[in-house]
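Peer 1: Here is what each chain is made of, one letter per residue.
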Amino acid sequence: MRLMKPSVGTGIVGYGSYIPQYRLPAREIARVWTDGQGGVPITEKAVPGPDEDTMTIGLEAARNALARAQINPQDIGAVWVGSESHPYAVKPTSTIIAEAIGATPHTEAADWQFACKAGTETIQAGIGFVAGGMARYALGIGADTAQGRPGDALEYTAAAGGAAYIIGAAEESLALFEASCSYVTDTPDFWRRPTMHYPSHGGRFTGEPAYFHHIAAAAGELMSQLGCSAKDFDYVVLHQPNKKFPERMAAILGFEKEQWETGLLSPTVGNTYAGASMLGLTAILDIAKPGDKILCCSFGSGAGSDSFSIQVTENIAGKQQLAPTTQNYINRRTEIDYATYVRYRKKLQMQ
Amino acid sequence: MTIEIARHWRLKSQRYQLVGEVCPKCSNKMFPPRDVCPECADDSAQPDFKFSGRGEVYSHTTVHNPPDGYQEMAPYTVALVKLEEGPLITAQLTDVANDAVKIGLPVEMVTRKLSTQGDEGLIVYGYKFRPQLATA
Numbered sequence: 001m002r003l004m005k006p007s008v009g010t011g012i013v014g015y016g017s018y019i020p021q022y023r024l025p026a027r028e029i030a031r032v033w034t035d036g037q038g039g040v041p042i043t044e045k046a047v048p049g050p051d052e053d054t055m056t057i058g059l060e061a062a063r064n065a066l067a068r069a070q071i072n073p074q075d076i077g078a079v080w081v082g083s084e085s086h087p088y089a090v091k092p093t094s095t096i097i098a099e100a101i102g103a104t105p106h107t108e109a110a111d112w113q114f115a116c117k118a119g120t121e122t123i124q125a126g127i128g129f130v131a132g133g134m135a136r137y138a139l140g141i142g143a144d145t146a147q148g149r150p151g152d153a154l155e156y157t158a159a160a161g162g163a164a165y166i167i168g169a170a171e172e173s174l175a176l177f178e179a180s181c182s183y184v185t186d187t188p189d190f191w192r193r194p195t196m197h198y199p200s201h202g203g204r205f206t207g208e209p210a211y212f213h214h215i216a217a218a219a220g221e222l223m224s225q226l227g228c229s230a231k232d233f234d235y236v237v238l239h240q241p242n243k244k245f246p247e248r249m250a251a252i253l254g255f256e257k258e259q260w261e262t263g264l265l266s267p268t269v270g271n272t273y274a275g276a277s278m279l280g281l282t283a284i285l286d287i288a289k290p291g292d293k294i295l296c297c298s299f300g301s302g303a304g305s306d307s308f309s310i311q312v313t314e315n316i317a318g319k320q321q322l323a324p325t326t327q328n329y330i331n332r333r334t335e336i337d338y339a340t341y342v343r344y345r346k347k348l349q350m351q
Numbered sequence: 001m002t003i004e005i006a007r008h009w010r011l012k013s014q015r016y017q018l019v020g021e022v023c024p025k026c027s028n029k030m031f032p033p034r035d036v037c038p039e040c041a042d043d044s045a046q047p048d049f050k051f052s053g054r055g056e057v058y059s060h061t062t063v064h065n066p067p068d069g070y071q072e073m074a075p076y077t078v079a080l081v082k083l084e085e086g087p088l089i090t091a092q093l094t095d096v097a098n099d100a101v102k103i104g105l106p107v108e109m110v111t112r113k114l115s116t117q118g119d120e121g122l123i124v125y126g127y128k129f130r131p132q133l134a135t136a
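Chains as they are written, first to last, in the numbering used here: chain A, 1 to 351; chain B, 1 to 136.
Note that these hints are calculated values from the structure, not bench results. Just so you know, these numbers come straight off a predicted model, no measurement behind them. Here a beta-carbon is modelled for each residue, glycine too, at the ideal position from N, C-alpha and C. Just to be clear, a hint being listed does not mean it is correct.
Reference excerpt, derived from the structure (chain A facing chain B, CB under 8 angstroms, subset only) [claimed, not checked]:
(1) G49
(2) E52
(3) P87
(4) A100
(5) G102
Here are the simulated distance ranges between beta carbons [to be verified]:
(6) F205(A) / E84(B): 51 to 57 angstroms
(7) A153(A) / E4(B): 40 to 46 angstroms
(8) D68(B) / E314(A): 50 to 56 angstroms
(9) G318(A) / E84(B): 54 to 60 angstroms
(10) N331(A) / T61(B): 48 to 54 angstroms
(11) L11(B) / P150(A): 33 to 39 angstroms
(12) Q132(B) / W191(A): 38 to 44 angstroms
(13) A97(B) / T34(A): 28 to 34 angstroms
(14) A97(B) / P188(A): 42 to 48 angstroms
(15) T34(A) / A6(B): 40 to 46 angstroms
(16) V184(A) / N98(B): 45 to 51 angstroms
(17) A169(A) / G86(B): 37 to 43 angstroms
Between the sequences and the hints, there should be enough to build the whole structure, so can you do that?
Peer 2: And the structure:
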């Protein structure tokens with residue numbers, strides 16, 4: 001069974017996003033490392049302040065999701081956080097968030113890891129947890145404060161941000177999960193060994209055999225099994241490590257610019273890793289209308305992709321303005337220079 | 001170290017959710033929680049009260065010589081914030097330039113890293129206040 005379809009209808013009861021306010025323009029990185037020569041992959045990226053991390057980002061997104069869901073947090077039976085930058089190596093991010101939103105003590109809580117796909121893993125599991133009757137609601141979060149090695153190609157895009165989704169019964173949902181599909185292989189395109197600060201990657205190997213192959217397989221299989229094609233969707237949002245990859249992938253899958261431009265935030269936000277596709281989806285939900293159909297596909301190095309077919313319901317009315325929109329956070333912009341970035345991201349040896 | 005852990009753990013409801021108390025006799029709202037209401041001296045059990053987190057800057061100062069654990073934030077502004085529900089609360093401001101802080105600035109509570117105990121110790125989280133987000 002390649003298609004995953006819950007036997008009981010489930011959907012998104014509330015969603016929320018968060019993006020830190022600091023922005024580092026890519027041209028500023030190029031000024032320091034390439035004398036300003038050559039192209040840059042995005043315009044600018046979001047940088048966390050010195051008091052922000054994956055927990056604080058995930059928590060604000062979760063509070064926004066709760067504001068839209070308008071549910072009792074005690075009814076949340078799972079708090080799951082997907083990230084590759086959990087603040088502690090051992091000590092869950094999820095228990096801090098669960099405590100802060102008032103979901104403790106009788107809730108499941110765990111941290112998930114699958115590079116940039118860790119966030120959508122929590123959604124897949126949450127659908128199953130709710131549909132199986134294990135919990136009334138499940139909270140799935142994707143958030144990261146990604147680090148790129150100074151001077152490396154990744155430094156231009158490694159950004160910070162996150163999104164949170166409360167999954168619940170279909171009748172309460174502002175958008176329904178029609179079906180989903182996962183595609184996973186052992187493909188070593190990007191990794192980080194324990195205790196290492198910066199990740200390593202396979203350069204161009206991160207493209208065709210990794211990003212493009214896995215998303216094409218997960219999205220292609222989902223559309224094939226559902227008997228639909230790109231023209232049946234109003235919006236598409238793909239994992240967005242830069243601007244070029246998702247634009248090309250969307251074109252390969254048969255999507256037009258007006259379908260992908262709303263969810264493509266990487267040019268002005270950067271790659272928020274486990275948050276990326278989930279954050280793009282929040283920007284679509286912020287303006288979506290009842291009946292709109294959305295294709296959402298993550299990609300995680302190592303490697304795999306989760307694809308979701310989502311349909312917006314009448315319940316979206318009135319929910320969008322109950323919390324700050326993703327565009328509100330994008331508009332809240334304070335530009336910083338490379339020196340401030342180095343300080344905020346703790347790249348200076350102080351002792 | 002052990003006493004430190006217990007102290008932070010005990011304060012988590014205040015620090016994460018801004019939970020104070022409301023006096024059952026005169027309805028005065030208190031933060032932090034107290035055994036005796038400072039308005040009417042009632043000492044009966046006080047029910048919890050969760051504050052909205054919205055308020056305005058009542059007064060402020062900028063810290064240039066921070067204590068241990070706070071160096072990475074310095075210089076930072078500490079404010080007395082007048083909460084909508086009444087109490088004054090002392091907290092660090094965040095996401096704002098120190099010279100942009102003014103008395104009367106509308107602020108809202110966020111949860112951020114308060115301090116970090118070196119490379120091996122706890123990360124202590126709690127409330128700070130930032131300028132209210134523009135949502136128009």
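Peer 1: It remains to establish, for every hint, whether it holds in the given structure.
Peer 2: Structure-based check of each hint:
1. Below 8 angstroms, beta-carbon pairs count as interface contacts, and G49(A) has one with chain B at about 6 angstroms; its hint therefore holds.
2. Because the closest C-beta pair between E52(A) and chain B is about 6 angstroms apart, less than 8 angstroms, the hint holds.
3. At a threshold of 8 angstroms, the smallest CB-CB gap from P87(A) to chain B is about 6 angstroms, leaving the interface hint in force.
4. This hint holds: A100(A) has a C-beta 4 angstroms from the nearest C-beta of chain B, less than the 8 angstroms allowed.
5. Interface hint at G102(A): satisfied, since its Cβ lies 7 angstroms from the closest Cβ of chain B, which is below the 8 angstroms cut-off.
6. About 55 angstroms separates the C-beta atoms of F205(A) and E84(B), a value consistent with the hinted range of 51 to 57 angstroms.
7. Taking the beta carbon of each, A153(A) and E4(B) are about 42 angstroms apart, inside 40 to 46 angstroms as hinted.
8. About 55 angstroms separates the C-beta atoms of D68(B) and E314(A), a value consistent with the hinted range of 50 to 56 angstroms.
9. For G318(A) paired with E84(B), a C-beta distance near 24 angstroms fails the hint of 54 to 60 angstroms.
10. Checking the proposed 48 to 54 angstroms range against N331(A) and T61(B) shows it is violated: the Cβ atoms sit about 30 angstroms from each other.
11. Hint check: L11(B) to P150(A), Cβ distance near 38 angstroms, so the stated range 33 to 39 angstroms holds.
12. The beta-carbon spacing between Q132(B) and W191(A), approximately 41 angstroms, falls within the hinted interval of 38 to 44 angstroms.
13. At roughly 30 angstroms, the beta carbons of A97(B) and T34(A) sit within the given window of 28 to 34 angstroms.
14. About 44 angstroms separates the C-beta atoms of A97(B) and P188(A), a value consistent with the hinted range of 42 to 48 angstroms.
15. Here the CB-CB span from T34(A) to A6(B) is close to 51 angstroms, at odds with the stated 40 to 46 angstroms.
16. Between V184(A) and N98(B) the C-beta distance comes to about 48 angstroms, which sits within the given range of 45 to 51 angstroms.
17. Checked against the hint of 37 to 43 angstroms, the pair A169(A) and G86(B) passes, with Cβ atoms roughly 39 angstroms apart.
This entry does not satisfy hints 9, 10 and 15, going by the numbered hints stated previously.
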